[in-house]
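Visitor: Each chain sits in its own coordinate frame; assemble them with the hints.
Spelled out from the first residue to the last, the chains are:
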Amino acid sequence: MLGLSLLAGCASAPRLASPEAMGIPPRVQLEGIPFHAQRDYQCGPASLAMLLNADGVEATVDELIPQVFLPHREGSVQPEMLATLRRHGRVPFVLEGRFEALLEELAAGHPVLVMQNLSLPAWPLWHYAVAIGYDLDAEAMIVHSGTQAARREDFRRFDATWARSERWAVVALPPGELPASLGVEPALQAIADFEQARGTLAALPAWEAVTRRWPQHAMGWFALGNARHGGGDPNGAAEAFRRATEADPSLAVAWLNLGLTLVALEAPAQARDALERASALPGPWQVHAEDALERL
Amino acid sequence: MMKTISRVLSPLLIACLVLGSLPVAAAPAPASGLISTQEALAQDRVSADRERIQEVLSRQDVQDQLVAQGVDPAEVEARVAALSDAEVRQMADQLEQLPAGASVVGVLFAVFVILLVTDILGLTNAFPFTR
Numbered sequence: 013m014l015g016l017s018l019l020a021g022c023a024s025a026p027r028l029a030s031p032e033a034m035g036i037p038p039r040v041q042l043e044g045i046p047f048h049a050q051r052d053y054q055c056g057p058a059s060l061a062m063l064l065n066a067d068g069v070e071a072t073v074d075e076l077i078p079q080v081f082l083p084h085r086e087g088s089v090q091p092e093m094l095a096t097l098r099r100h101g102r103v104p105f106v107l108e109g110r111f112e113a114l115l116e117e118l119a120a121g122h123p124v125l126v127m128q129n130l131s132l133p134a135w136p137l138w139h140y141a142v143a144i145g146y147d148l149d150a151e152a153m154i155v156h157s158g159t160q161a162a163r164r165e166d167f168r169r170f171d172a173t174w175a176r177s178e179r180w181a182v183v184a185l186p187p188g189e190l191p192a193s194l195g196v197e198p199a200l201q202a203i204a205d206f207e208q209a210r211g212t213l214a215a216l217p218a219w220e221a222v223t224r225r226w227p228q229h230a231m232g233w234f235a236l237g238n239a240r241h242g243g244g245d246p247n248g249a250a251e252a253f254r255r256a257t258e259a260d261p262s263l264a265v266a267w268l269n270l271g272l273t274l275v276a277l278e279a280p281a282q283a284r285d286a287l288e289r290a291s292a293l294p295g296p297w298q299v300h301a302e303d304a305l306e307r308l
Numbered sequence: 008m009m010k011t012i013s014r015v016l017s018p019l020l021i022a023c024l025v026l027g028s029l030p031v032a033a034a035p036a037p038a039s040g041l042i043s044t045q046e047a048l049a050q051d052r053v054s055a056d057r058e059r060i061q062e063v064l065s066r067q068d069v070q071d072q073l074v075a076q077g078v079d080p081a082e083v084e085a086r087v088a089a090l091s092d093a094e095v096r097q098m099a100d101q102l103e104q105l106p107a108g109a110s111v112v113g114v115l116f117a118v119f120v121i122l123l124v125t126d127i128l129g130l131t132n133a134f135p136f137t138r
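Chains D and G supply the protein sequences, listed in that same order. Take the working numbering: the final residue in the first sequence is number 308, and no numbers are missing along the way. Take the working numbering: the final residue in the second sequence is number 138, and no numbers are missing along the way.
Think of the hints as simulated: they come from the structure by calculation, not from any bench. Note that this is a predicted model, so its numbers are computed, not measured. Note that the Cβ used here is the ideal one computed from N, Cα and C, for glycine as well. You can take every hint at face value.
Cβ pair distances, simulated, as ranges:
hint, chain 1, residue 1, chain 2, residue 2, range
1, G, I60, D, L28, 43 to 53 Å
2, D, G211, G, F119, 47 to 57 Å
3, D, L28, G, E58, 37 to 47 Å
4, D, R224, G, I60, 31 to 41 Å
5, D, R110, G, F134, 23 to 33 Å
6, G, L123, D, A49, 23 to 33 Å
Away from chain D, derived, C-beta distances all over 10 Å, residues of chain G:
hint, residue
7, E58
8, I60
9, Q61
10, L64
11, D68
12, D71
So that you can see chain G by itself, here it is in the shape it has in the complex (with noise of 0.2 Å):
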């Protein structure tokens, strides 16, 4: 299902950038063919090119995991919107491995014995009433 629609929505998603009318993946281009700050910052041209198309692809890949993780489909947009270009690759190459801030135990007995040790040697913090 994703690849069926990514395979569709790519090269309309590339032909989108050629035109250069695609706000999500735009940088902040000033007028008159002035470089911007980001494109200065990532320096290498061609390959900033090739990064700016991939990057459209991946907003959206990253758009579509979003939405798989159960997020609202109307917040993605927002959501991916505010990713900075290298936040984008990070989210589309592992999100499941990124550390979700969370705090709550769920683990086996033996693990809860070695948490409540390293909790009182001050190595952990798992169980607040350690202290």
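Just chain D, with the same shape it has in the complex (with noise of 0.2 Å):
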């Protein structure tokens, strides 16, 4: 009994800023998130459905089984949820494991694939479920979950139970929109894992939206020259890479990518102004840019 009472001791609701502080309504429901009911042990391929129709794919929970169950494990794994996302064409951000990071993005209209551990880590009991609203008065997490299209869990329960996945949370988004709560270089990652899977022309939009969002960060001005370039835009790439040299003088993978660039474009004299500025900079692609001089 004392171990209980000590368990139970370790589990408080968590404690949040006033709805003002963080910005956001005190009460949301996501309006249009159709509900699956998981059928047998397949949490994971209802789930993805959910998100998925949410946003306009059409994806059934048939068709998603065998893109992601794995069979003698009864479950789904969470790279692989991650990447069905991707073969779906959306761009899959893991959130950073605060409450507070869920709440922002269904104040968003981000519906929220959410892992939990239902049972005590002893006796694991994973399980997948789609948050779609909170209510702050009422302590309550709304999830699509399982057997029950929105199921009030308060956020006592809910918290134990995701805390014990580390909080994964991920939304899933067209390119060219980006999650509310997340920093610069997670989303620069996901993007990028996006464009290794789906290639150049996908991810543009994404590389758009993220030089919109943080113009000051040059390595999304970078990916976006990148992005051009591959969908045969040789002088908007050469525009991008200047802006990512702009923000950050020191990146010389930016200068050599521009210099390169230029070099295709024919202009000889800029293209070495580049290069230079590349070779002079210590690190990795100093080598390359020496090589490109002497071709020059």
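Guide: Below, the structure written as structure tokens:
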């Protein structure tokens, strides 16, 4: 009994700032998130179908099962949940594991895929669900979960079960939309991973969105330059690489790609300028810049 | 069996990689020798090369593991292709340990009682009938 009361002492409702301080409404319930009841062990495919359908992607649970379910594990693992979202043209962003981040995304209109351990760590009962809203006054999360649509789970119980997955939470957005709560570095990585799976053209709108949201961040411009280049727009690429070097003159790789693009655009004088800047910066790209200068 | 396959495949895969012709592992490398965003984010050039070789081997390894987990062989290539490099490494190294969301209760009676109590305390959510 002592053990149990100690356990109980560990779990308390998450302490949150006031809605005004967080800049979110006190109550949110997203409309138009279809519910798919899970069959057998298939909360993974069912949750993915809800996320995708909510965003207008036609994908049925039956279609998703062979894409994400592991028959012998009788479940679905997190990396493959993300991969499946990419296959359906959505960029999966893993959120920071903070309760506030979850609320901010819901307030921004994004349903959130969460992983919970409904049981105790010793006998895990891993489960995927889709958070579709919250009620700060009632301290309740609203989740499409298992066989129940719009189930209300009190914050304390939700957070206790969610914390056991290290608060794993994902929003899936079309390229060009960005999560409300995520910082620039993890957003860049998420889009780069999407680009690797789906190609440059598919990722182009996402990079454009990054440079609009974080115009001071050099890597965003650099990535946009590569995507434009891959899309057959070398002039646009050179412009983006130039913006990257303005945002961070010590970003050697941006000078390098700017130089290489200008070489192809037959602007040798400007190309030499850029490549010399790249070769003057110590680091892994120096050799590439020196090679390119020799070829000029 | 798997070991033999990978012993035969590994040199082949490395050869493919050197030729730069393996679509699964190739980061979307822009033409004319530009450095890709993925490479730049990975930063350290030397280790990035080493990781790419490891990457190809891991992707093959993950495909084998998925087949062993009962996934339709016709599906595995597309499934693995959609994973990021970091996710491939995670799957290759620790697929067995990764939590698989499934949600089904198959526990002993003693555990059942404990979970019943923790459910009522609001620490777990194993049995929907407790609310």
